[in-house]
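Protein chains: 4
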Amino acid sequence: MHSTKFHVSCRIDYDIRPSATMLFNVRASNGRGQNVLSEKLTISPELRSEVIETGPGGNRFDRVKTGDAKSLTLRYEAEVESVPLLLNPEHLRKVPPAQLDPAQLPFLMPSRYCQSDRLARFAWQKFGNIEDAYDQVLKITDWIQDNVEYVSGTTTSATSAYDTVTECVGVCRDFAHLGIALCRALTIPARYFTGYAWNLQPPDFHACFEAYIGNRWVLFDPTRLASPNALVRIGAGRDAADVSVCTTFGIASCIRQDVQCTALDDKLMALTGDALRQTAISVDHETMP
Amino acid sequence: MHSTKFHVSCRIDYDIRPSATMLFNVRASNGRGQNVLSEKLTISPELRSEVIETGPGGNRFDRVKTGDAKSLTLRYEAEVESVPLLLNPEHLRKVPPAQLDPAQLPFLMPSRYCQSDRLARFAWQKFGNIEDAYDQVLKITDWIQDNVEYVSGTTTSATSAYDTVTECVGVCRDFAHLGIALCRALTIPARYFTGYAWNLQPPDFHACFEAYIGNRWVLFDPTRLASPNALVRIGAGRDAADVSVCTTFGIASCIRQDVQCTALDDKLMALTGDALRQTAISVDHETMP
Amino acid sequence: MHSTKFHVSCRIDYDIRPSATMLFNVRASNGRGQNVLSEKLTISPELRSEVIETGPGGNRFDRVKTGDAKSLTLRYEAEVESVPLLLNPEHLRKVPPAQLDPAQLPFLMPSRYCQSDRLARFAWQKFGNIEDAYDQVLKITDWIQDNVEYVSGTTTSATSAYDTVTECVGVCRDFAHLGIALCRALTIPARYFTGYAWNLQPPDFHACFEAYIGNRWVLFDPTRLASPNALVRIGAGRDAADVSVCTTFGIASCIRQDVQCTALDDKLMALTGDALRQTAISVDHETMP
Amino acid sequence: MHSTKFHVSCRIDYDIRPSATMLFNVRASNGRGQNVLSEKLTISPELRSEVIETGPGGNRFDRVKTGDAKSLTLRYEAEVESVPLLLNPEHLRKVPPAQLDPAQLPFLMPSRYCQSDRLARFAWQKFGNIEDAYDQVLKITDWIQDNVEYVSGTTTSATSAYDTVTECVGVCRDFAHLGIALCRALTIPARYFTGYAWNLQPPDFHACFEAYIGNRWVLFDPTRLASPNALVRIGAGRDAADVSVCTTFGIASCIRQDVQCTALDDKLMALTGDALRQTAISVDHETMP
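If you read the protein sequences in the order shown, they are chains A, B, C and D.
Every letter in the first sequence is one number past the one before it in my numbering, and letter 254, counting from 1, is 254.
Every letter in the second sequence is one number past the one before it in my numbering, and letter 285, counting from 1, is 285.
Every letter in the third sequence is one number past the one before it in my numbering, and letter 249, counting from 1, is 249.
Every letter in the fourth sequence is one number past the one before it in my numbering, and letter 58, counting from 1, is 58.
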């Protein structure tokens, strides 16, 4: 069990109309395979805020009342130790619905951006006859990689897996939603993962997904732009609706954003491509009984 | 605080293909304003099953492995005491997003059948200038009642609030989804309610919704086919995806269904119509600190 | 150039509310490769009606004012000679958009049920690198056959190609819409074909599509339930919206329908499957200069 | 019958990939109420092009093969005399479907961006009980004006009337599509109108719609940004798919666009607002027998 230290940071500037409440989701999650060694989050101007911990990934939100402020800058930086589990895919058997823990059931259901109900025939046709669950999810990510083109600016916050499977274009968020929808359609629980990604070009927040197999949440990146063992988790949820970088109740617009993630370890061996056929990665240490 | 006793029952017959797992959601929930005095659930033929308790309404699911069975009959009956809270609407102030408990936050987010994000402008235009939160939700139910026609068989399990708001037709499930989507768009947490309804014609399972105002989950029925104080809760969830009567992993089709709900109390005064402008009803006793 | 004679007939019963106008599209089209030798159409009760000829396939509509009638029975029978052209696929080159006759341009544009604009990437990925136009359309029909399941009752009049490509299920109408949308996305004009089909099981009206290649409208049936040289054309249009069996302005519901198509020729050699890779069929004799 | 002279012009610059075919729709239409007194269209670099006349509004398209060109500039200017008909709304009775000329029937059917079939209940609920056809369409434009916000950049080329009716935001194209869909749902033929608009701020191509009442195509602008009697028609079609400013077969992107429309007449009295309740305007002189 190797651990890697990362330095992550972001800075986001917003224009806001008075009296908004903003819910930020930028802190690295703490525990279950990831330790926040130090962190600092500042809001300028100084505003009343509180940290809320909730959700399946121990997501930590900063809730801020903006009052009269017309602009807001959020800065976050942290040193985080990640301890990804390297797993043997052969041990990652499918957990049949009859044996799933109740905590996983919500991740089998369709959600706003992952209409697994409408993708069921498609998923079974393409991937239904693959015996092994890990292989099934790998094939899903291969299919997404082969069929969906990554093009910035082609999709919006209304785009869902139902669109992406046909329109064949999108960004990391869309790739993740499609992966999730296809897994759920095959009765594999799947959830949305947001995080900081080492070596991501251009630097940005990243989204990928976790599938629940072998009683583990195993991490997959259908964009192949990041390595599952070189990610720092921010949060997990049913889909992007649960773990947006910023959910605004009121009106605010992001006018600038910088995101950084550097490994503090020279020796980080990022696993990609074929290496992931031999080694599966989970960044959630929690197991179900 | 009045209580009413109900006798509820259902019988559902399914044709099934071998090796399905079925997740039934028909048991009356127990606790927080409702007490199951006695109950009996049988599956014929006898099959391995277990009760799972999960979700925000203390939903109790029966998970059944069907093995070789080609058909299955589920029978349930229970005697349930419901203790609805009668509340003064004047005390039911909106809980602003900045003060919501983290447990309510998921019910502000868009979900599979309640795309509140895409209904935001519509909701604010129609209901945005209503001061009082209880009145706002009442007006939403009035609008649905005035604009959506209740016609059996017009919608499918793929129909969502985004469709119903335009197609103006549906059943209780669709009415509830639209109510939820509009509430969430206005930053009022809302969740899907399923239950047994006294005096429902024709008898069936019923769906309506709860909105979180005044730190209470207040019950609303936009179909006006049932009274909020004459319902027995089965479950609560983000939308119908979470609390289907039956979620099948595999293939099964319902071929017959009977549902009954009778009040064991002669004096049940069902509140409907204008009475609900004076008295709000909650069937969830839990309050947030 | 062989000709075949068919006897076609239909009987349709409707319940109607007073004062509807109904536009029937059941007559075999006359001319351009098909000759109506005799025909008889009756409406009971006797109502004012007129025949309208319009549209790209010489569609003939019967427009009927129903007045006070509460029910209506339409009966049609005809003897029709069809003279399908058997063409050598090698001569059917793609007509590039720069050389298309203006009359074909509308059949390149997206329509209600054929959102070719949203299927463009998908179409180019799957079929973009196939050189030969006839082969390209054959591959489209193969793909539909392999990926879409024919199941009666799974779709509605709102279902479009954008749904079918993902939901992978439908009836002849849905198969045709998907074929059309994919052709148009590849800049091959395509139109919806409705007709009577010899040997169709169960007997019904049939839908398939024509693609414009080699300056001919070549007929394709992605359901493979009928043979392109054993069809009697009723009409052609942009999609099903243009050539419904019955378009009602008012309220009417079909309560019974019988459709028949028999070949009056013993020797009809229906072309199907691999035979269509050697021989293309057009039932529209008109050519552009 | 007054006539007004306008000077219209546009310049559009494109980046293109080799071997595209572009179909431009920028020429003022000629005839039936509008006379092109002089015009000049140039393409730089000089490329093979031809003028195609087609469609219900006498649309004139310039079809251009781009060959090896990597960029293209289209310049058009024209002097156009428009002779709008001023009509008395009282004479504009609804033409019932039973009396419509076949040429109008396609404009009753749903199209890519105008899903009148899915808006039928909505349309009848809101506008079904208005007796007078002209008033009905005015009320539709009022409703759109009151409920849909004009915000540039909020919609894409995939946005349709089905979206706009719920999302309540869009540009002239979206306003027109919604107007058309609602008219067709009420069995009033409606078509998409594109043109140059006098005094439009900011200057741009404009879209509105024509409804067929009183045997005339009467012009309506639900954005209220232009006056029906101060427009120069470019074309008419089922919806924007038929009459895009530029349809590209291949890949091209517009990088700059200037549009101008000036009245050469000092005395132009643009009719807007309440004046249109007294006077209807048609810019298509053709009448059906």
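There could be a bad hint or two in this list.
Since the list gives no way to pick out one identical chain from another, each pair is judged satisfied if it fits inside one copy or across any two copies.
Unchecked claim - With a straight-line Cα cutoff of 25 Å, these simulated DSS-like cross-link-like pairs (lysine-lysine) come out:
#, residue 1, residue 2
1, K139, K126
2, K267, K94
3, K70, K5
4, K65, K139
5, K65, K94
Since the hints were derived computationally from the structure, they do not count as laboratory data.
A quick look at each hint next to the structure:
For the homomeric pair K139 and K126, the shortest alpha-carbon distances inside one copy (9 Å) and between copies (18 Å) are both at most 25 Å. When the C-alpha separation of K267 and K94 is checked against a cutoff of 25 Å, the pair qualifies neither within a copy, at 33 Å, nor between copies, at 53 Å. In the homo-oligomer, the alpha carbons of K70 and K5 never lie at most 25 Å apart, since the shortest distance is 36 Å inside one protomer and 49 Å across protomers. Proximity of K65 and K139 under a CA criterion of 25 Å is satisfied in neither setting, with 44 Å inside one chain copy and 28 Å between copies.
In this homomeric assembly, K65 and K94 come within 25 Å of each other (Cα to Cα) only across copies, at 16 Å, whereas the closest approach inside a single copy is 44 Å.
Figure legend: structure checked against the earlier numbered hints; hints not met, in rising order: 2, 3, 4.
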